[in-house]
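**Student:** Spelled out from the first residue to the last, the chains are:
2 protein chains.
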Amino acid sequence: MSKPVTGRLQAATVATGETHRRWLLQRHPEGTPVLDDFIYVEDLVPQPPPGKMLVRALWLSLDPFQRLTWNATPRNVELTPLYGPLAGDIVGEVIVSNHPDFEVGDVVNELLGWQSHAISDGRGHYIHCPEGARKVDPTLGPISTACHVLGRTGLTVYFSIVRELRPRPGETMLISTAAGAVGSLAVQVAKILDCHVVGLTSTDEKCRWVTEVLGADAAINYKNVDNLAEAIRAAAPKGVHMFYDNVGGPIAEAAGQNLTDDARITRVGIASQYSTVRADGTPWVYPVDQPMFYVHDYYTEHAEGLAAIAEWLQQGRLKYYEDIIEGLDNAMSGWLDMMAGGNRGKRLVRVAEPTQV
Amino acid sequence: MSKPVTGRLQAATVATGETHRRWLLQRHPEGTPVLDDFIYVEDLVPQPPPGKMLVRALWLSLDPFQRLTWNATPRNVELTPLYGPLAGDIVGEVIVSNHPDFEVGDVVNELLGWQSHAISDGRGHYIHCPEGARKVDPTLGPISTACHVLGRTGLTVYFSIVRELRPRPGETMLISTAAGAVGSLAVQVAKILDCHVVGLTSTDEKCRWVTEVLGADAAINYKNVDNLAEAIRAAAPKGVHMFYDNVGGPIAEAAGQNLTDDARITRVGIASQYSTVRADGTPWVYPVDQPMFYVHDYYTEHAEGLAAIAEWLQQGRLKYYEDIIEGLDNAMSGWLDMMAGGNRGKRLVRVAEPTQV
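Chains A and B are the protein sequences, given in the same order. The opening position of the first sequence corresponds to residue 3 in our numbering, with each subsequent residue numbered one higher. The opening position of the second sequence corresponds to residue 3 in our numbering, with each subsequent residue numbered one higher.
Simulated from the structure, these hints should not be mistaken for lab results. Beta carbons: idealized from backbone N, C-alpha and C, even for Gly. Please note that the accuracy of each hint is not assured.
Here chain B is said to cover these stretches of chain A; the calculated rule only asks that three of the stretch's residues, wherever they fall, bring their Cβ under 8 angstroms from a Cβ of chain B [said to hold, decoys possible]: (1) 17-29; (2) 46-58; (3) 66-77.
Generate the whole structure from the sequences, applying the supplied hints.
**Tutor:** In structure tokens form, the structure reads like this:
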């Protein structure tokens, strides 16, 4: 589905008529976000000061966790206040550089937000993203993959399985949102590591995709079973040795009833709770008593993880599925639809075509 | 007019009900700004991450130059895009600190913008403001003065006169906007340095204030003379040896007709032009062929300048006049009125009362 880059990137500049487009938070969403919680703004393209570079976004990653950054919490509003930019992982090309370490034409991956252009000092804007701007090697795959399989999504799956779940051959791994960006890779990596894999997803069509295309041993449409715990038991007769959790909530509870005595859990997301409110009326936050997996905790080892993923890709043992939204103006409706289960594989936004020689 | 600080500052925290209020740019103004070019937004108070501090603004300086930062130019939109915060010089108190060099209770002066609270790393957000956060010594004067006479306004006057104009006793200095924040100090400093001082201002009442209170030898209401060049000639019979320019435009032209052969000019502002548009339709910018005075060029010498100003203040030779707007919500109407000539001395906004022990 993704279009490979053809031709070399050239020295590019801001084109006549090129504008700076951004999605901003207009309101902290109450519950499930709606389009009116955001505004889409057009302005002049900024000029980078000394020491910084101007990056033109080519791809924007849409991620469920982004929901959490829009809540009114003292920590969130430092980076995303009202009318602030939305956090987001992009792949872009450097089009103006006053930065000593980056040149015009470099392709970079950084959390630069939901915008067509960004000024970057390369050091990472977000406190939880210490790795800063990463140069993308376009020989490893289409550059779009740098914001999923060959980027944070792939690294999340790699380290959460290899370092945290540590599968032994023949063990059963249960994976929630198995047709999503993380889940679809987790299913395949678990199969590469010789696990018995059970995927959970929300339609019969996606169940077929999870088993027939991704290779899971079984898939359950959790919306179409009377008793999810029993359905899991039937698909995992030896019990669940590893639970790869992307959603939390009732699905995690049903999984919990099937865990073996030595079961391991990796909690990569709790997407079912992101739009909920706590008893005291404040927005949901990650529970302090439930350790979460953070890919940034492994950032010093990202190169090792990328090499392993790239090798699986080259061997044809790992495939990725891009679910592309065309144009930054459609990004938010694409995100809202993704949260309603509308995606298959990695949903990302094509913000612009790369500059071609 | 300013209220002295009584009592010591105490360890403060975010109070219940305390909110983060900010003025944001909603539209790049066309010509003279109007209130609808801005929005006033209320949100949660942010929490400072490691290495940063939370500053509660107490005073905000209103400055004519701020007009320029709101224009749609590639350089401006990096710091002040649409819905971005407005640049502004504040005095505030540190209320939460994760910064190794600042403690709760420290009073700081930094360009932290038109907002009730700001997260700061102390290093200066603006590329043209390399000095970062400055700790204010409350024994030198009321802390409000740190954003005028004992801050950038005073330093501007000191270095522009002492280092750039270099007056010799008996020489004539012509000062535009003589009743303004910069002009009112410039008149007094020029008198301390034994100059013959002629001030320009926009009402007869302000003319009287400039001569009778500030001590200028003559003042001209430029709005009430048929021929400004001739009026200047009458008030400066030996010619203008030094022109202290805050406005540019027709006033500067009239001054130019009276310059001596060895005249010096310091161009501190070109306020008359800030809201104009160039022939090609783009916003006015500082002309590259007219060198401007920038106080930040002297930032390594600011301590020396502050010491000299503090001494004049203690000797009673220099006085300052505060023209206080109450409340951040009134800041923009106060700024618009200042640009229409409504101020006398330094116009500033009382954002909050300091925390008292």
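**Student:** Each hint: holds or not?
**Tutor:** Tested hints:
Against chain B, the stretch 17-29 of chain A contributes 3 residues with a C-beta closer than 8 angstroms to a partner C-beta. That satisfies the three-residue criterion, and the hint holds. Coverage of the stretch 46-58 of chain A by chain B holds. Counting CB-CB distances below 8 angstroms, 7 residues qualify, and the rule asks for three or more. With 4 residues having a beta carbon nearer than 8 angstroms to a beta carbon of chain B, the stretch 66-77 of chain A meets the requirement of three or more and the stated coverage holds.
In the structure shown, no violation is registered for any of the earlier numbered hints.
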